[in-house]
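Novice: Spelled out, the chains give:
There are 2 protein chains.
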Amino acid sequence: APGNEDGEVTTGKSIYMVSDGTGWTVEHAVNAALGQFEHCLVDRGCPVNTHLFSGIDDVERLMEIVKQAAKEGAMLVYTLADPSMAESARQACKLWGIPSTDVLGPITEAVASHLGVSPSGLPRGAPGRKFPLSEEYFKRIEAIEFTIKQDDGALPQNLHKAEIVLAGVSRTGKTPLSIYLSQKGYKVANVPIVIGVELPDTLFEVEPEKVFGLTINPVVLHTIRKARAKSLGFCEEIRSNYSEMDHVRAELEFAGKIFAQNPAWPVIEVTGKAIEETAAVVLRLYHDRKHKCSMPRISKRY
Amino acid sequence: APGNEDGEVTTGKSIYMVSDGTGWTVEHAVNAALGQFEHCLVDRGCPVNTHLFSGIDDVERLMEIVKQAAKEGAMLVYTLADPSMAESARQACKLWGIPSTDVLGPITEAVASHLGVSPSGLPRGAPGRKFPLSEEYFKRIEAIEFTIKQDDGALPQNLHKAEIVLAGVSRTGKTPLSIYLSQKGYKVANVPIVIGVELPDTLFEVEPEKVFGLTINPVVLHTIRKARAKSLGFCEEIRSNYSEMDHVRAELEFAGKIFAQNPAWPVIEVTGKAIEETAAVVLRLYHDRKHKCSMPRISKRY
Ligand SMILES: Nc1ncnc2c1ncn2[C@@H]1O[C@H](COP(=O)(O)O)[C@@H](O)[C@H]1O
Ligand SMILES: Nc1ncnc2c1ncn2[C@@H]1O[C@H](COP(=O)(O)O)[C@@H](O)[C@H]1O
Ligand SMILES: [Mg+2]
Ligand SMILES: [Mg+2]
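Order-wise, the sequence lines are chains C and W.
So the first sequence is numbered by the numbering used here: it starts at 6 and just counts up by one.
So the second sequence is numbered by the numbering used here: it starts at 6 and just counts up by one.
Derived by calculation from the structure, the hints in this document are not laboratory data.
Remember, it's a predicted structure, so these values are computed and weren't measured experimentally.
Hints are supplied without guarantee of correctness; some may be wrong.
A pair counts as met if it fits within one copy or between any two copies, since identical chains are not told apart.
[What the hints assert, rightly or not] Taking lysine to aspartate or glutamate pairs in the EDC-like style, the calculated list, with each CA pair at most 16 Å apart, reads:
#	residue 1	residue 2
1	154	141
2	189	281
3	305	48
4	166	214
5	231	147
6	144	249
7	262	203
8	231	241
9	135	274
10	235	147
11	235	140
12	18	77
13	231	140
14	231	249
15	189	63
16	295	168
17	76	43
18	135	43
19	18	43
Given the sequences, and given the hints that come with them, work out the whole structure.
Specialist: Structure representation (structure tokens):
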């Protein structure tokens, strides 16, 4: 939620996040932790402000940030690969009485003793490191480019090239879900289901194991579509057809029939799920079907 | 790197990652930690296999996973919102002699005492929670959809609607970078710079503060383009023009001239940077320019 900034921008508690890299890891971790306080964030009168300081790889800037955190009464969460930087952060926070948490150190130490190997202590982007243009790197970029081109039912003749095909009515989140999955390296195509519009033959010709149906509660979909019709400035006529409750129900029933005729497609209920939650469900099913492991998992090799 | 699977798929050390949610947080954290061991991963003969178990919200499945980890000699890294689940994981790992790290607990505890509020202890997706269709949620989806439509110089008449505009020659990573930024909620447009092709007037009409030039080392670009030309199956003639060293250099010089004529555009060197690293640089500059803070930061309100 964007927060009620009635000139009180400085109210609320602050969390300082510091990284010698991009800061996305510490941001992700703090975000997850804040999920545990949804009952008291901005909408409930207890706003939290996060401040991300990335690319912090010298002790001087680190100390300035700690001092500023002390002034503001903030806590500090950090990922610092250089053990002496991490130790400086820890000690300075102790000295200034700032609560602090090291997100990288504990995992790195555990991994080090598991592997029996010392960590490099080099931040990403450090001069010593060279960036490998790995196969995986190119695969991810190719997946993103493929997925963009296949958005919204485009190029149905390419469905066989997709690793994952998503089918669902408008506003079930096909596009953001496709993009999310493509960032993880999967080639995704999505096919809209629209009442009165024939689906491409190729949808029924590809292996059904890679097709996923998306469905959603009609009342929630109705709300989403009304908001969208308004923001797109649809004229009254299209708008009512698109976002009227009867039409919404009919379209979802139409989709439901298609799913019933294709029982090998798993149907995922997206109501109330964030994009990354639906993505987790899709990938769990995808990998289970592929590997038929006794214990469902997603495995990778580094 | 995808790893050399000479039938030895089971060699190497294993890391088990367990979450009651999507698992993306623990995966992100383990990924960052593994960055500290690049000198000894698969390419250097010390492969690591990660196994992600997501949606684990009952103690029975948790115990099965711990037992399997013990069998395999794996370590365990976990995010479990329910304190009794987290405690079960800790104790079981201790009992079975498995090294383990809690990624969520320490931050959550620190945030709890900082805010003076108890964490909910509810995993995401737990029945009690209701998902708010927040403004931010819709903004992110709109940004993704906008960005897809603007890819590769499309709809130049819409550049003024973008929050960030990226300009650079082919294979500087404009597309994946645009998509990455759009996932963070920014409307992005990218404009390719091609020798002999005129740039859209609108590029020079938008506020120069939101335009970012991308540049790259010619030798590295040459390597990337050769790989791409091959994978796209370009015919010899196009291929040589696109990926020949002289052409690559000339095109980068052409881009350099345009950047020099527009000194308000920051120029970002992408050589050797992962997409998320370039994204961090772009957003750092974007927010600094916008807020002119004494201490560069990216702030958010929850
Ligand atoms: N590929 C990598 N090599 C070395 N260190 C890394 C790598 N990726 C992330 N890190 C470190 O992990 C922490 C989190 O990274 P970031 O998400 O970029 O802030 C930082 O301390 C980085 O220096
Ligand atoms: N919005 C949220 N509300 C409550 N808990 C969350 C939320 N987001 C993440 N978490 C918790 O944070 C941890 C990491 O989440 P995930 O990245 O989905 O695996 C899990 O223990 C989740 O239950
Ligand atoms: Mg769509
Ligand atoms: Mg592109």
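Novice: Does each hint hold? Answer for all of them.
Specialist: Against the structure, the hints:
{"no.": "1", "hint": "154 / 141", "in the structure": "neither (20 Å within a copy, 26 Å between copies)"}
{"no.": "2", "hint": "189 / 281", "in the structure": "both (11 Å within a copy, 13 Å between copies)"}
{"no.": "3", "hint": "305 / 48", "in the structure": "between (39 Å within a copy, 14 Å between copies)"}
{"no.": "4", "hint": "166 / 214", "in the structure": "within (14 Å within a copy, 40 Å between copies)"}
{"no.": "5", "hint": "231 / 147", "in the structure": "between (35 Å within a copy, 15 Å between copies)"}
{"no.": "6", "hint": "144 / 249", "in the structure": "neither (42 Å within a copy, 23 Å between copies)"}
{"no.": "7", "hint": "262 / 203", "in the structure": "within (14 Å within a copy, 50 Å between copies)"}
{"no.": "8", "hint": "231 / 241", "in the structure": "within (11 Å within a copy, 52 Å between copies)"}
{"no.": "9", "hint": "135 / 274", "in the structure": "between (43 Å within a copy, 15 Å between copies)"}
{"no.": "10", "hint": "235 / 147", "in the structure": "between (35 Å within a copy, 13 Å between copies)"}
{"no.": "11", "hint": "235 / 140", "in the structure": "between (44 Å within a copy, 14 Å between copies)"}
{"no.": "12", "hint": "18 / 77", "in the structure": "within (9 Å within a copy, 44 Å between copies)"}
{"no.": "13", "hint": "231 / 140", "in the structure": "between (44 Å within a copy, 14 Å between copies)"}
{"no.": "14", "hint": "231 / 249", "in the structure": "within (8 Å within a copy, 52 Å between copies)"}
{"no.": "15", "hint": "189 / 63", "in the structure": "neither (32 Å within a copy, 27 Å between copies)"}
{"no.": "16", "hint": "295 / 168", "in the structure": "within (11 Å within a copy, 40 Å between copies)"}
{"no.": "17", "hint": "76 / 43", "in the structure": "neither (26 Å within a copy, 38 Å between copies)"}
{"no.": "18", "hint": "135 / 43", "in the structure": "between (41 Å within a copy, 10 Å between copies)"}
{"no.": "19", "hint": "18 / 43", "in the structure": "within (14 Å within a copy, 37 Å between copies)"}
Violated hints for the displayed structure, listed by number in ascending order: 1, 6, 15 and 17.
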